[in-house]
Each structure stands twice: as C-alpha cells, then as structure tokens.
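Enquirer: Given the coordinates of chain L, assemble chain E onto it according to the supplied hints.
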Amino acid sequence: MYLSSFSLNFFVLDAGNAMHHPGVPVSLAQAALLVMSLVLAWYLRSPGRLPVSACAAGSSVTGAGPGAGSMPAWLLRLMRNYRLLVTMRVLVASFFLLIVYAGLFGTPYPARNMATVMTWTVWWTVVVLAVIFVGSLWCAVCPWDNIAAWLVKRRLWRRQSAPYSLALRVPRVFRNVGLAALAFIVLSWFELGYGITLSPYATAVLALLLVVAATVSMLVFERRSFCRYVCPVGRTLGFYSHVSVTALRPIDPAVCADCKTLECYHGTAQVDPCPTQLVIGRTKQNTYCISCGNCVVACPHQNVGWRLRMPGSESMHAHATTAEAMFVLTLLSLSLFHGVTMLPVWEPGINTLSRFLSELGLYYNTYLASFSLVMLVCLVLPWLLYFGVVRLAWFFSGRRGSAQQWFADLSFVLIPVAFFYHVAHNLAHLARETHGLSGVLLNPAGWGALPLTGAEKHSRHLNPLIDQEVVFVLQVVLVIAGFWLSARIAHSQVRKLATNRNQAQAGGQSRGLFPVLLFVFLLSGFGLWLLMQPMAMRGG
Amino acid sequence: MVLRMRVSVIVVLLFVGWVQSVYAHHVLGRPSYSLSEGSNTPPSMQVETQIGKYFVTYMVFPAFPKPNEQGRVNLYIKRIKDGKTFQGQVSFTVMDDSWFSSNEELLGVQNPDDNVFRQGFLFKKAGHYLIRAQFSADKEPYIIDFPLRIGSPFPVGPVGLTVGVIFFMLVAVNVMLRKRIRTLKTKRHRDEAAGMAEG
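Note that the protein sequences, when read in sequence, are chains L and E.
The opening position of the first sequence corresponds to residue 1 in my numbering, with each subsequent residue numbered one higher.
The opening position of the second sequence corresponds to residue 1 in my numbering, with each subsequent residue numbered one higher.
Just so you know, these hints were derived from the structure itself, not from any lab.
One should not assume that every hint holds.
As the list claims (entries may be wrong) - Dumping the calculated DSS-like pairs for lysine-lysine here, alpha-carbon to alpha-carbon at most 27 Å:
| no. | chain 1 | residue 1 | chain 2 | residue 2 |
| --- | --- | --- | --- | --- |
| 1 | E | K84 | E | K124 |
| 2 | E | K179 | L | K153 |
| 3 | E | K139 | E | K78 |
| 4 | E | K124 | E | K66 |
| 5 | L | K153 | E | K185 |
| 6 | L | K260 | L | K284 |
So here's chain E without its partners, still in its complex pose:
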C-alpha cells in the first residue's frame, strides 16, 4: 500500500515536472494562428526611453520574430515638454549586433502615419540585430539604437551554463586527482617491491 502510494506520488511529481509552461493562444478572442504582424493586437515587445527633448516608445511586432517571417517596428516620438508628436521623417537602419561587426543596411525612411512611424522588416538569418532610428529636430540629430532578436534565444541560460561549467570542472579535476593518486600508489608499490628485492 505504502509502496503504491510512493509510486503514485513519484508519478504525479514526474507529471507535474514534465508539464511545460503554456502560453495563451487567444488574444481577445482570436486564435493564435490568425495573428500576424499586421494584426491589430499581436503580442509585442516594448521599450520606453527618453533622449534629449523627446520621449520615445519602441515596439516590435511580433515580440520575438523568426527568420523569414514578416515583422514590424513601431516608433512613437513625443516631445516631453508638451506631449506633441514629432512630425518629421525617421530613417531606420539595421546592423548586426555582434562585436566588431559593421554591416549596415537601410530599412527605410518613414513619415508619421497616425502619429506612428511604422517600419516593416524581414530577416533571413536568426541573430541579434540593432535597429537604429535617426531623425533631426531643432537642428539637432537624434540617433537611438534598439535591440532586436530574430529567432529563438540561446537554449541554455546563465544558470545552466554556470552549473554546467562548475559540474564539468568538478568531475574533470576529480578524475585527474584519482589518476594522480593511482599513479602515486603504483609508484610506491614499485619502490617498495624494489626495496624488498634489494633487501
């Protein structure tokens, strides 16, 4: 009886442990398969910041775009002082966000559309990119870099990496130490045997 209970508990625990986190697959009553970058309520990623006299909101649709999948950047630029939207042009460029890389490509130059600067994109390769928005206001140039990740993130997080490296090193050093001790023992036996033979 006790054994059966234990097994049941283990089975339940395993089942609970196996369950993956589940994401909502409906947004305002629409099924997930009908969501795209053109939808009015797709999941998005948002960054808010301020630069000079402006408050800038940057949104990416979808939140984590994949290679060969349409995406869109929305930029809202408002003057901090009076909340008025910037009415000039904004140019969007993209570059590879890896060290010592300088590949740059112009995505487009956009005018405000209903107070929003919209810029579409399509990436063929997964990776980390920088979207650079540039505009000029009050005779002063403004340059803002925003991050954009295409594709899935690295599957192992910092905790996994830390545990992995430490575990690997502990095992490796342990194996080396055992080998070293074995060699020492063998050498000692050999010396003792040689001593006895001489004696």
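So that you can see chain L by itself, here it is in the shape it has in the complex:
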C-alpha cells in the first residue's frame, strides 16, 4: 500500500473513510443498451437516407444549421448590452481573486476551502454542463483573459487606440490546437496524478500561472493567441460547443454575404476586433469562438446574435484539421480516463504497479511514475483504436478521398460521446459533493474549520443535491443522447466523405459506416459501464 503527500502546503487529506458513490443500476443500463442498439440498427438499415435536418444543415450558409432560430428580441437586446457583460466580467474576476486568496492563505483542507470546492467541484462541472445551453459563454467572462486584458490595455472596456502589444504572429508550427491539447494533458496529469484537486494552495498557484500566461501572451502575440492556441479550457469548451443549442451567428446570412467592411473581424473605433480572428458571416463551427460579443456590438447592421440551432448540426458537414482531430481524441481519452481513475480498483491497481516499479529499482516516486504510465496507455489506446476504425471505414467505402481527411473529419463523431459522458460523470460530483457549499461560501478561506469528519462525509453522501434516482436517469439519458448525436454525425460525415468526388454506391457507404457506428456504440457502452461502477468521492 502506498500513500504520497507531495508537500504539506499542497496536500493534506481529510480524516475519515474514503466514500464511494453508487453507480447506475443494471436495469437502467440494460434499458439504455436496448435503446442504443435500436438506434444503431436504424442507422445501419438506412445508410442511403439522410435525415431531413442533416440535409438542410449541408445547405446552410452560416452553419447555424437546421432549426436555427432567433431568440426573443428582448433577450437579444440584453445580450447586446455591453455594460452588462463588463459588469459580469468584473464580478467573475472579483470572485476569482477571492478564490486565489482563499487558496493561498486559507485552510489546506480541500473540502473546507473555497479554492478547491468552487474550482473543481462546482466550476469545472457547471462550466461543462452549461455548454449545452450557452456554448462557450464562459470564455466571455473568463477571469484569466479579462484580468490580463485589463492589465495590458489599462482600461475596462472599449478599444485601446495606443499600441499595447508587440502583436507578433504566433510561429506557424504552433498555429493549431496542438499546444492546447498538450496543456490539457498536463492539466489532467496535475489534476488526477499530482492531486491538485485536493490542494487549495496548488489550485491558487495554477490560477495565477494561467493569468501570467494569458498576460504574457497578450503582450507578445497578436490578439488573443492564448485563447485560440493554448487555453485548454477554452478549446475544450469550443469543441464541446458543437453540441450546444445556441451559438453566436448572423441573423440574416445575406447581410453578411454582402458586407465589405467586416467590422466583426476588424472591430471599430470603440470595439476590439475578433480576438480569435473569425469572420462571423463565414464561421461554420464553434471551435474557436469565445463568445466575447465583440462582433455583436461592432456589427453596424446589428446582424449578429445568439441563435438557436439543432445540437451537432454543424459537425455533420464540417471539416477538421489533423491537429483538431488529435485534440478531440485527447478530449475523449481524458474524459474516459477521469472515470477510470475514480473506479474502486484504481488505487489498489496503481499501488500494485508502484510496488512492482519499486522492486525494479525505480524507487523515487513510483506512484507518479505508475500513474503517468497508465495515463499514457489510456491516452494512446483510443487513438490507436480510432485510427484502425477510420482505416477500415475508408477501406470499406472504396478508398474515396484521402485517409487523412477521413481521420480528421470523422473526429467530430467523437465529440458528443466525450461531451455527454463528461457531463454525466460530472453530474454525479455536482449532485453529491456540493452539500456543504453554503458553509464554504460563508467562510471562503475555511479559517478555524476542522477536516471533514467521517460522519459529515456520510451525511453528504446520504443527502445529495439532486435525488440519486434522478441522477441515474439523467446519466443514462445523457449517454443515449451522446450516442444518438454521434450516430447522426457519423451518418452524415461518412456520406459526405464517401461521396467526395463520385456518387457513392449505397453498399460502400453502408460498409464504411458500420465500423464507425460500432466504435461509437462500444465507446458509449464503455462510458455506461464506467457510470455503473461505484465512483470515488473527490477528496477521499
């Protein structure tokens, strides 16, 4: 048995027994598998027929997709109110600074300190959950970026006319999401391996580090390069936003098509240009939009607003780059890996591996070495499987188009599976671990607070925020929704790729679709299996 505490400031465990949340009951999981099998059969039986909505998505100029509709006028007016956005930014930044303060100077007990509770249990759960409704809206109020902007530009809002940045172009080799993927892997390593979620101090240090990174990037590189190329949270939300029901899009695409001035891209005398270099009229996917609202305010025709749309409609016909596909694969691997690390067998398994490595002579910190090794395997395995599936699909479809394009475009199929599993997993944390939130809000730094006792943990366990049965049903519904959306996207993408140059034969298309759908089915099934297992409570 092995236990490591890396630094006293960083890592103090609460007393009491480790608790495990119960998993989804077998009967519910069986029902979910049945529904998923029916969906699978339906899509395999009708390979040539494309759902009506998906056809419409293909003809959509803006990418807002089928069923896209405007929001009520009062809501649009509210969203165009820049003062409201600035007020929200100031409030979020103030709260962020309070969290940093609590983390640095408060109690080291994670369950009593606002830094760990608000960051890992509340924020990281809510921000992903909110993607369904508001896409990447978090990025608009993100404190790292906004504090950096205020420091660099020395004003709360409005465009800074005097030069404030060296505005260098990011080197070509880094002009993709490779750095963001790497940052996400490092962040996950710190979260699950190093145990940053159990350390208020380390959480606060990480927050400050991100502010420094955003500030330095803004001072040296053009626009918001940090947001576009490096930020793991922003890109995660960006890719997840493909399944959001809302997006910032043109209200009338024809107006954007005729526009010659492109204020959304260049900005105006008062409003900053698009931080991630998008022309809203030509935007066909949400990956890089940070919902900052500059285009909404800058557009002289008031032609940009939040639009309702069918989730995943943009992914059905969108193109991706290889780097973007790698990011999506990383996202999927790490989402599932989160679930794996909370299985009851995880700790004994890692301890056994640690001991084995220790016996081999790799004495120093064998726990982290073991963790890193297993993490690497969990990262690489889905990549290899996906690569094999794509090759099969490409081969069965008569090798139409390039295999690389298949690899890139089919990655969109994985987004709903990763996203809905992530939400289902986080829902359990949110429902069962936010019981003492009011106490933490009243005493953010946890001064004078004692560690969480076994009785308190038990009480929290028995009194979840959402009823346990409701959580189970929601988790199962989310997994089914993820599979259904993935199947829809797979259906459209395979059809698009198979008919790239010549009209495809229905048979080839069906054969190409089969391995992809089966892979998605197995992934969803694995996600469901993970949700069925007892899950370790965060913080022991």
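Expert: Just chain E, lined up with the frame of chain L:
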C-alpha cells in the same frame, strides 16, 4: 496644522506598515532559547492521514528545521478499527524531493517507544526532502511519504512572483513599443526629408 497632521498620519502608517509579524517566544512559560527538538512542547508541524487499515499521524520537531540543527520525526500508527497502536517495526528513509532525483538514505529502524515511533535527523543542506516510513502489517507492506522542508522557504511567494513577472513584462514591452514608435517616426521624418529634397 493640516500639513503636520498629514505628516503624522504618514509616519504612523509607515510605522504600522514596518511592523513585522511577531511570534510567541514563550511556550508554556519557557523562553524560546531553551526549546529544542528534545523539549516536551516544541513547536511542531503535523500531518494526519490514513492508509489501508491504519490512521497515521506524522509530526516534525521543530516545525521548520534548519541545516545542522537536530530534528525529530514522531509517527503514531493506529488501527482504524479498534484504535490499537501498531507494535511492529518502522523503517525511516529520506530522499531528496526534487524532480528526477533518487538519492536515498536510511535514517533508522524504530520500535515503538510509548506507542510512538521516534526518529531523529540532522541535515547539512537546506532543501525539500521526503521522509518515507515503511512497515509491514497483516503481511501487507505499507509505504508513506511525508514532506520535510529544511531551512527557510523561498522568500518570494506566488503572489510576488506573479506581480513581478507581469510588471517586468509590462515594462519591457512598453520600452520595446516606445523604441519601435521612435524608429518609425525617425524613418517617416527621413522619408519626408528625402521627398522634400527630391521635390
């Protein structure tokens, strides 16, 4: 009068700002200079945790030991189920807690003394170390790592570092931008002068 008041306020504020935080220099009536790792009530650092079937408390005396100064680790190991103290042997090893370091040294093997496993130490160099306690119970090996810092911590905290880096970058970029603007102005003047000469 107003000026004198202002000066007084500034002097008072400066004085208040200058005052360092003061630590208690008596523990239960004993002066600080008589405290050592052998004292019965020295200031200590404590970590509590659980591993397997045991609840473990780790204490370091003094709380922040210095190089070439005697120190001691106390370890209390109790079975969670019945609160009974572990009666076997515990071996203590130490290693440098820096990345990619594997220097390891045996501190000693201890039997329980009044239900406490005591291990003395003396470090010559300041730094971050890991104390590893190992014991075997119910045919299962137990390994626990505890942190130990020798000497003063890094004088600049994360807030200081953050402010420092951001301030440095702001100044550096500002200087570069001014230089760039000056160069552009000079170039423009030169071009204008050349244009006038041609005209």
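Enquirer: Hint by hint, say whether it matches the structure.
Expert: These are the hints, each one checked on the structure:
Under the criterion of a C-alpha separation no larger than 27 Å, the hint pairing K84 (chain E) with K124 (chain E) is inconsistent with the structure, at around 37 Å. A hinted pair counts as satisfied when its Cα atoms are at most 27 Å apart, and K179 (chain E) with K153 (chain L) qualifies at roughly 18 Å. Straight-line distance between C-alpha atoms of K139 (chain E) and K78 (chain E) comes to about 17 Å, which keeps the hinted pair within the 27 Å bound. A hinted pair counts as satisfied when its Cα atoms are at most 27 Å apart, and K124 (chain E) with K66 (chain E) qualifies at roughly 9 Å.
A hinted pair counts as satisfied when its Cα atoms are at most 27 Å apart, and K153 (chain L) with K185 (chain E) qualifies at roughly 23 Å. Taking the CA atoms of K260 (chain L) and K284 (chain L), the gap is near 19 Å; set against the 27 Å cutoff, the hint holds.
Hint violations for this structure: number 1 only, all remaining hints satisfied.
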